[in-house]
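Now for the letters of each chain:
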Amino acid sequence: AQSVTQLGSHVSVSEGALVLLRCNYSSSVPPYLFWYVQYPNQGLQLLLKYTSAATLVKGINGFEAEFKKSETSFHLTKPSAHMSDAAEYFCAVSDRGGGYNKLIFGAGTRLAVHP
Amino acid sequence: NAGVTQTPKFQVLKTGQSMTLQCAQDMNHNSMYWYRQDPGMGLRLIYYSASEGTTDKGEVPNGYNVSRLNKREFSLRLESAAPSQTSVYFCASGLGETQYFGPGTRLLVL
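Residue numbers (the numbering used here), protein chains in the order written: chain L, 1 to 115; chain Z, 1 to 110.
To be clear, the hints were calculated from the coordinates, so they are not data collected in a lab. In this text, all values refer to a predicted model and were calculated from it rather than measured experimentally. Errors might be hidden in some of the hints.
As the list claims (entries may be wrong) - Below, computed lysine to aspartate or glutamate pairings styled on DMTMM-like, alpha-carbon distance capped at 20 Å:
hint, chain 1, residue 1, chain 2, residue 2
1, L, Lys58, Z, Glu97
2, L, Lys102, Z, Glu59
3, L, Lys49, L, Glu66
4, L, Lys102, Z, Asp38
5, Z, Lys71, Z, Glu97
6, L, Lys102, Z, Glu73
7, Z, Lys9, Z, Asp26
8, Z, Lys57, Z, Glu79
9, Z, Lys9, Z, Glu52
10, L, Lys102, Z, Glu52
11, Z, Lys14, Z, Glu97
12, L, Lys49, L, Glu88
13, L, Lys102, Z, Asp56
14, L, Lys58, L, Glu88
15, L, Lys102, Z, Glu97
16, L, Lys49, L, Glu64
17, Z, Lys71, Z, Glu52
18, Z, Lys9, Z, Glu73
19, L, Lys49, Z, Glu52
To be verified - Counterexamples of contact, computed for chain Z against chain L with all Cβ distances above 10 Å:
hint, residue
20, Ala2
21, Thr7
22, Gln11
23, Val12
24, Gly16
25, Met19
26, Ala24
27, Ser84
From the three backbone atoms N, C-alpha and C, an ideal C-beta is built for every residue, glycine too.
So here's chain Z without its partners, still in its complex pose (with noise of 0.2 Å):
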């Protein structure tokens, strides 16, 4: 049972390019999250998936798009990287008002 897990650990992108952030759980969790994590702010959650084929944005959805794959699977793109998203991204899922965290994507755009 590995729990939430994030792909890349660590990724570098220059100004424009697109990449996308894939997360999966194995808990047979209905919903999913999506937050950024920036020094002094806390986590934001910036979009989020209550059940399989839903998706509503968050507090900081702007320039990000999500794909709620299946149960399973969230993941989260940015079509074009800003420094601004230098960040670092924790996927999450949720039982009831419980939420368990992914081990984090740490982004640097350059």
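This is chain L alone, in the form it adopts within the complex (with noise of 0.2 Å):
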């Protein structure tokens, strides 16, 4: 069965600063991989997927993630921390269906970002 550890459910850095939040995963087929972002009282907006081309992937508002298999890990980064980066960010895996697939999502992580 597939699943998504996030380490640490709450995160702060500042303004600035390097944004490193962290994903494994278990899979026994190569995963689909995603980062979700939940700004307050909103629905999940999508900053990046990893679907087997280039290992770093690049996404949306600055935010990139590595999928290193050796180490089942999909960390998100982001080289400067902005005050509207702060929100609730999810890693999400998947099975490769057939035109469909069913999403196994991590607790999330909040990041807080202070000046």
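Two chains, two frames, a set of hints: combine them into the complex.
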């Protein structure tokens, strides 16, 4: 069975500092991996996804993530945090279904950015 | 192009009452999904519909039913609400591996 572990339910950084949100996955087959962001009282928005092309994936708002098969990790990074990055971030894994996919989400990491 | 829409945005029910959460998408996606979000647990899949006319159980289907009314609409029904069903419910539609989420319905069961 697939699973996702996000290390750290809360992360706090200073504005301008590096953002690193950790995600480890478990999957018996080559996975699809995703990062979603949720702003307060809103739905989830796709940040980026890995689908077995380049291992370094660039997303929206300056975020990127690197797929490391040997470490079963897909950590999310941003070189310089902005106040607007404060939100909850979810890592998800899915199997490669035929035309649809069932996402398994991690518990989420709430990012706080302080001046 | 509204994307994925959900109604209502917020609902309060008493234990034992029933209600239907509505979801519609205008992106011509084949697959649709219902999730619930609870603090510290991320999102969990309740039911999904791979295509019009098909529905399947997800991780937490007990206490829920669904109807894929047509390609656009996928409803979630609570026949007899329980306090354990207090949650935020998200509908999503999918194209291939990517899912697009609605704004959510916040449900409180007293």
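ask   = Is the Cβ of alanine 2 (chain Z) farther than 10 Å from every Cβ of chain L?
value = Given a closest Cβ separation of 12 Å, the condition holds.
query = Does lysine 102 (chain L) pair with glutamate 73 (chain Z) here, judged by a C-alpha cut-off of 20 Å?
reply = 19 Å, holds
task = Find the nearest Cβ of chain L to the Cβ of valine 12 (chain Z) and say whether that gap is larger than 10 Å.
result = 17 Å, holds
query = Would the pair lysine 71 (chain Z) and glutamate 52 (chain Z) pass a check requiring their Cα atoms to be no farther apart than 20 Å?
reply = Answer holds: lysine 71 (chain Z) to glutamate 52 (chain Z) is near 5 Å, not above 20 Å.
query = Does the structure keep lysine 49 (chain L) and glutamate 64 (chain L) at a Cα separation of 20 Å or less?
reply = 9 Å, holds
request  = Take the C-alpha atoms of lysine 71 (chain Z) and glutamate 97 (chain Z), compute the straight-line distance between them, and say whether it is at most 20 Å.
outcome  = Roughly 18 Å between the alpha carbons, so the hint for lysine 71 (chain Z) and glutamate 97 (chain Z) holds.
query = Just checking, glutamine 11 (chain Z) versus chain L, shortest CB gap more than 10 Å?
reply = Its Cβ never comes within 10 Å of chain L, the nearest being 15 Å, so this holds.
key: Hint consistency between lysine 102 (chain L) and glutamate 59 (chain Z) [alpha-carbon to alpha-carbon, up to 20 Å]   = 10 Å, holds
Given hint glutamate 97 (chain Z) paired with lysine 14 (chain Z) - CA-CA distance at most 20 Å = 37 Å, violated
key: Non-interface label on serine 84 (chain Z), tested against every C-beta of chain L at 10 Å   = Holds, since 18 Å exceeds 10 Å.
query = Straight-line Cα separation of lysine 9 (chain Z) and aspartate 26 (chain Z) no greater than 20 Å?
reply = Holds, at roughly 19 Å.
query = Given the hint that lysine 49 (chain L) pairs with glutamate 88 (chain L), does the C-alpha gap stay at or below 20 Å?
reply = 17 Å, holds
This entry does not satisfy hints 9, 11 and 19, going by the numbered hints stated previously.
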